[in-house]
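4 protein chains.
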Amino acid sequence: MTKNIKIDEGINIGDGSFTIIAGPCAIESREQMEKTGAFLAKLGIKIIRGGAFKPRTSPKSFQGLGLEGLKIMAEIKAKYNLKFISEVMDPRDLEMAYDYIDIFQIGSRNMQNFSLLKEVGKTDKPVMLKRGMSATIKEWIMAAEYISLEGNEKIILCERGIRTFEDYTRNTLDFMSIPILKEKTDYPVFVDPSHGTGRRDLVLPASKASKALNADGIIVEIHPNPEKALSDGSQSLSFEEFENLLNQLM
Amino acid sequence: MTKNIKIDEGINIGDGSFTIIAGPCAIESREQMEKTGAFLAKLGIKIIRGGAFKPRTSPKSFQGLGLEGLKIMAEIKAKYNLKFISEVMDPRDLEMAYDYIDIFQIGSRNMQNFSLLKEVGKTDKPVMLKRGMSATIKEWIMAAEYISLEGNEKIILCERGIRTFEDYTRNTLDFMSIPILKEKTDYPVFVDPSHGTGRRDLVLPASKASKALNADGIIVEIHPNPEKALSDGSQSLSFEEFENLLNQLM
Amino acid sequence: MTKNIKIDEGINIGDGSFTIIAGPCAIESREQMEKTGAFLAKLGIKIIRGGAFKPRTSPKSFQGLGLEGLKIMAEIKAKYNLKFISEVMDPRDLEMAYDYIDIFQIGSRNMQNFSLLKEVGKTDKPVMLKRGMSATIKEWIMAAEYISLEGNEKIILCERGIRTFEDYTRNTLDFMSIPILKEKTDYPVFVDPSHGTGRRDLVLPASKASKALNADGIIVEIHPNPEKALSDGSQSLSFEEFENLLNQLM
Amino acid sequence: MTKNIKIDEGINIGDGSFTIIAGPCAIESREQMEKTGAFLAKLGIKIIRGGAFKPRTSPKSFQGLGLEGLKIMAEIKAKYNLKFISEVMDPRDLEMAYDYIDIFQIGSRNMQNFSLLKEVGKTDKPVMLKRGMSATIKEWIMAAEYISLEGNEKIILCERGIRTFEDYTRNTLDFMSIPILKEKTDYPVFVDPSHGTGRRDLVLPASKASKALNADGIIVEIHPNPEKALSDGSQSLSFEEFENLLNQLM
Chain F
1 MTKNIKIDEG
11 INIGDGSFTI
21 IAGPCAIESR
31 EQMEKTGAFL
41 AKLGIKIIRG
51 GAFKPRTSPK
61 SFQGLGLEGL
71 KIMAEIKAKY
81 NLKFISEVMD
91 PRDLEMAYDY
101 IDIFQIGSRN
111 MQNFSLLKEV
121 GKTDKPVMLK
131 RGMSATIKEW
141 IMAAEYISLE
151 GNEKIILCER
161 GIRTFEDYTR
171 NTLDFMSIPI
181 LKEKTDYPVF
191 VDPSHGTGRR
201 DLVLPASKAS
211 KALNADGIIV
221 EIHPNPEKAL
231 SDGSQSLSFE
241 EFENLLNQLM
Chain V
1 MTKNIKIDEG
11 INIGDGSFTI
21 IAGPCAIESR
31 EQMEKTGAFL
41 AKLGIKIIRG
51 GAFKPRTSPK
61 SFQGLGLEGL
71 KIMAEIKAKY
81 NLKFISEVMD
91 PRDLEMAYDY
101 IDIFQIGSRN
111 MQNFSLLKEV
121 GKTDKPVMLK
131 RGMSATIKEW
141 IMAAEYISLE
151 GNEKIILCER
161 GIRTFEDYTR
171 NTLDFMSIPI
181 LKEKTDYPVF
191 VDPSHGTGRR
201 DLVLPASKAS
211 KALNADGIIV
221 EIHPNPEKAL
231 SDGSQSLSFE
241 EFENLLNQLM
Chain U
1 MTKNIKIDEG
11 INIGDGSFTI
21 IAGPCAIESR
31 EQMEKTGAFL
41 AKLGIKIIRG
51 GAFKPRTSPK
61 SFQGLGLEGL
71 KIMAEIKAKY
81 NLKFISEVMD
91 PRDLEMAYDY
101 IDIFQIGSRN
111 MQNFSLLKEV
121 GKTDKPVMLK
131 RGMSATIKEW
141 IMAAEYISLE
151 GNEKIILCER
161 GIRTFEDYTR
171 NTLDFMSIPI
181 LKEKTDYPVF
191 VDPSHGTGRR
201 DLVLPASKAS
211 KALNADGIIV
221 EIHPNPEKAL
231 SDGSQSLSFE
241 EFENLLNQLM
Chain P
1 MTKNIKIDEG
11 INIGDGSFTI
21 IAGPCAIESR
31 EQMEKTGAFL
41 AKLGIKIIRG
51 GAFKPRTSPK
61 SFQGLGLEGL
71 KIMAEIKAKY
81 NLKFISEVMD
91 PRDLEMAYDY
101 IDIFQIGSRN
111 MQNFSLLKEV
121 GKTDKPVMLK
131 RGMSATIKEW
141 IMAAEYISLE
151 GNEKIILCER
161 GIRTFEDYTR
171 NTLDFMSIPI
181 LKEKTDYPVF
191 VDPSHGTGRR
201 DLVLPASKAS
211 KALNADGIIV
221 EIHPNPEKAL
231 SDGSQSLSFE
241 EFENLLNQLM
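Residue numbers (the numbering used here), protein chains in the order written: chain F, 1 to 250; chain V, 1 to 250; chain U, 1 to 250; chain P, 1 to 250.
Derived by calculation from the structure, the hints in this document are not laboratory data.
Be a bit skeptical, because a hint or two may be false.
[Said to hold, decoys possible] In silico BS3-like links for lysine-lysine, alpha-carbon gap of 25 angstroms or less:
hint : chain 1 : residue 1 : chain 2 : residue 2
1    : V       : K182      : F       : K211
2    : F       : K138      : U       : K35
3    : U       : K77       : U       : K35
4    : F       : K182      : F       : K125
[Stated by the list, open to error] To give an idea of the interface, some chain U residues facing chain P are shown, with a C-beta separation under 10 angstroms as derived from the structure:
hint : residue
5    : E166
6    : T185
7    : D201
8    : L204
9    : K211
[As the list claims (entries may be wrong)] Beyond 10 angstroms from chain F on every Cβ pair, some chain P residues (computed):
hint : residue
10   : I11
11   : G16
12   : E139
13   : T164
14   : F165
15   : D167
16   : N247
Virtual Cβ for every residue (Gly too), placed ideally from N, Cα, C.
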């Protein structure tokens with residue numbers, strides 16, 4: 001029986017509905033988030049994603065706007081009545097980020113950053129724990145235990161693909177993790193079809209499969225202008241493509 | 001546009017329908033196949049699977065009944081009006097097997113057995129080409145070319161999972177291969193949820209995901225008595241479980 | 001040209017010699033470390049390993065003695081004139097750990113814990129950066145850049161095996177990373193034959209291969225009583241086995 | 001205790017010496033093999049490699065000269081007193097190939113082509129069995145059993161790298177397979193540093209590691225003009241590079 005995680009009045013994850021979270025990979029500017037917030041609100045989407053702290057493979061890539069990004073989001077959230085999910089990377093940032101973020105995301109690279117897991121485990125906010133890119137399902141469940149043992153049971157697990165030899169896609173989505181996690185835990189299970197495939201044209205089929213497998217939702221990258229995105233443009237949907245995805249899923 | 005492969009009057013693969021093929025991993029006895037044939041005919045299943053030549057990792061494992069198995073099937077096919085798919089492993093067996101088998105299956109281990117591919121490419125029978133367990137999609141498509149260049153375009157591609165570090169499942173089904181192959185080729189695409197997961201309890205969810213992704217069908221292992229199967233019992237459905245799967249998919 | 005990293009007067013890594021670091025996976029007790037320190041000093045080993053903070057897959061496994069472990073080491077180091085390498089997992093621990101540890105180790109799970117990398121990058125201590133278990137060589141080099149860009153160039157890279165489908169060994173040592181890193185960077189390159197294989201009987205051959213490939217050294221797990229080790233006993237050498245390894249390598 | 005496999009008077013594999021086999025990936029012309037044969041004979045190399053039947057991923061790539069290639073080799077062998085190892089891919093070719101080839105090679109793609117394994121198992125010629133690119137060591141040993149159970153115990157196992165996520169090298173050489181196979185079987189173990197790395201600059205370090213691990217030999221690709229090779233040019237050594245390798249190894 002999947003645990004119901006209340007995000008806000010009338011916004012639940014794990015209640016049997018299929019929740020769609022969307023937003024850009026990274027918060028880049030007020031204008032970008034204004035457009036995105038207005039667009040999502042119009043479509044009835046309740047939770048927006050956007051990275052302020054970006055874990056990038058190279059230290060020379062764009063690292064996110066940090067606190068400035070969070071402040072942009074404070075405005076957008078209020079204006080469009082949205083809840084906000086965003087990644088935290090450093091236990092020392094949690095206190096500062098706490099007031100801005102409604103769902104803490106732990107990224108793939110930090111799935112076994114146990115200090116960070118314990119720290120979000122001490123908060124009362126929901127945590128989305130992404131699967132490590134070479135983590136077994138067993139290791140992933142044990143990583144979730146690092147959070148729950150600190151007292152926080154509001155955990156959402158997010159399949160985002162594993163690293164294999166296949167290079168046509170950025171990662172290989174292990175869709176069978178959905179029924180396996182449903183069997184072994186009572187946490188809601190999400191899928192990230194954007195990072196999971198790395199290809200815009202596969203986001204829709206990956207979302208359909210997720211829904212068919214009774215995932216509790218998906219978290220999708222969209223951008224007002226994917227060609228100009230500072231990160232992950234090739235897997236981000238345009239607004240038009242995202243509307244099409246919504247129509248096809250509903 | 002997916003190619004329509006006619007198996008018999010009124011039996012097509014790739015025509016937009018979702019074809020379900022079922023049967024045991026290996027032909028073990030006349031009695032086993034009699035029960036299976038009767039059961040499938042009752043349910044309206046048109047194509048039966050069953051291995052006569054079994055490629056087993058160890059030479060000491062059961063290797064299949066060979067020609068004796070094919071002869072059993074000749075009877076069952078006629079009695080229950082079924083078409084028969086079965087694996088061939090050796091180019092020298094093709095002539096003998098030709099009269100018994102309606103769809104030649106090339107197993108995962110032989111995906112790059114180019115002599116065998118060319119040989120089935122010279123026949124006029126449909127060929128189901130399973131993905132090699134560590135083959136990229138690109139290599140798989142090129143393997144299909146070995147068949148088509150000999151003149152046989154009746155090719156069905158079958159995703160059966162790839163080898164990864166995850167060991168909860170026998171293989172990791174790469175479901176994204178379905179939309180990718182649909183984009184890159186015009187061959188029908190099947191999924192083998194039995195080998196793809198190696199676990200009876202995952203056959204149904206894997207089948208649902210296959211259907212949601214517009215696969216052209218699935219090939220499922222069933223056995224009148226899975227606990228006593230000579231191979232792959234842990235991933236075979238009982239008759240009752242298979243009926244449940246049919247009901248859930250329809 | 002490999003950079004020479006001075007650990008102490010007369011103790012260098014990267015100067016063309018083959019440095020052997022040894023010690024237990026985890027600091028378990030004063031007695032254990034006393035025995036180990038005396039043993040290593042007798043053999044002329046200059047650097048001892050031992051974990052005070054242990055990143056364990058399960059939160060219920062032994063997590064290390066923490067500060068208590070570091071204090072034990074302060075005594076042992078002084079008594080036997082040894083330098084000490086130990087893992088840090090949390091940027092907040094660095095200040096406290098600084099006085100005890102001579103070489104900071106960043107473990108495999110934290111290779112892309114960028115906050116931690118930056119923090120050790122701000123110190124003046126040598127850092128051993130272990131390869132992530134599914135990191136490409138390119139990603140590993142970029143992780144090292146997170147350290148060097150903060151001003152700390154005293155980086156030692158340590159190959160510890162990657163995750164593959166082969167399950168006879170715990171990981172698959174990618175020995176070719178040694179010449180590749182020597183070509184692409186000027187950092188000394190170590191090998192961890194203990195974690196890299198997970199099997200006591202393979203530590204010696206893995207060490208021989210490392211030396212033949214001009215690695216700058218190895219870091220080996222030893223334990224006065226491997227059968228009773230609180231972690232990684234099956235890959236730890238007994239003192240006798242370690243002496244044999246030294247003799248075979250020299 | 002490693003089995004000694006006699007190739008000819010005074011030519012043994014598995015007798016404790018380190019045997020170097022060399023030659024081109026594919027036999028391309030009489031002139032190419034004439035140059036190669038003369039060169040190897042001059043250096044005292046006793047066994048030449050060269051493919052007549054080439055298993056290529058694409059059917060449109062050069063497939064080898066077939067029987068014509070074998071006939072070229074008959075001449076070269078006689079003229080320079082060399083033994084000849086070459087791949088067979090089809091059980092139907094064995095009779096024809098028998099008179100030309102001294103050591104049958106089973107390629108990576110055919111490691112589990114059980115029909116072919118049984119067929120070489122019925123001959124009295126040594127067989128070099130390459131590891132499948134995603135085969136576990138256990139599966140590899142069981143593949144060898146398909147040969148030995150037919151009566152042919154003259155088996156040489158050849159590590160040639162496994163498929164992983166690391167893409168800097170063509171494959172990841174699993175060097176630990178050498179001591180593992182030495183422990184578990186009594187067959188000689190070779191390494192293919194050319195396919196195993198896919199990079200000319202890594203052939204020498206891979207060869208050194210093989211020797212340090214007591215492999216029984218290596219099989220190396222060389223070409224009189226690597227830039228013009230019809231296959232695998234980027235991993236082939238020039239004659240000069242090969243002489244350098246010999247000097248460094250001895």
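Okay, the hints, checked on the actual structure:
1. Between V:K182 and F:K211, the direct Cα distance comes to roughly 20 angstroms. Compliance with the 25 angstroms bound is thereby established for this hinted pair.
2. Proposed proximity of F:K138 and U:K35 is contradicted: the alpha carbons are some 36 angstroms apart, above 25 angstroms.
3. For the proposed pair U:K77 and U:K35, the alpha carbon gap of about 12 angstroms is at most 25 angstroms, so the pair holds.
4. Of the supplied pair hints, the one linking F:K182 and F:K125 holds, its CA atoms being roughly 22 angstroms apart against a limit of 25 angstroms.
5. Annotation: interface hint on U:E166 holds; nearest CB of chain P at approximately 6 angstroms, less than 10 angstroms.
6. Annotation: interface hint on U:T185 violated; nearest CB of chain P at approximately 13 angstroms, more than 10 angstroms.
7. At its closest, the beta carbon of U:D201 sits 7 angstroms from a beta carbon of chain P; the interface hint therefore holds under the 10 angstroms criterion.
8. At about 8 angstroms, the closest approach between the beta carbon of U:L204 and any beta carbon in chain P falls short of 10 angstroms, and the interface hint on this residue holds.
9. Because the beta carbon of U:K211 sits about 7 angstroms from the nearest beta carbon in chain P, less than 10 angstroms, this interface hint is met.
10. Once the 10 angstroms rule is applied to beta carbons, P:I11 is consistent with being away from chain F; the minimum gap is 38 angstroms.
11. With a closest Cβ-Cβ approach of about 37 angstroms to chain F, P:G16 is found to remain outside the 10 angstroms limit, as its non-interface label requires.
12. With a minimum CB-CB distance of about 17 angstroms to chain F, P:E139 clears the 10 angstroms threshold, and the non-interface call stands.
13. At roughly 7 angstroms from the closest C-beta of chain F, the C-beta of P:T164 falls inside 10 angstroms, breaking its exclusion from the interface.
14. Remark: the non-interface label on P:F165 conflicts with the geometry, its nearest Cβ contact in chain F lying 5 angstroms away (cut-off 10 angstroms).
15. Distance check for P:D167 against chain F: the nearest CB is about 7 angstroms away, which does not clear 10 angstroms, and the non-interface claim fails.
16. With a least beta-carbon separation of about 36 angstroms from chain F, P:N247 lies farther than 10 angstroms from that chain, consistent with its non-interface assignment.
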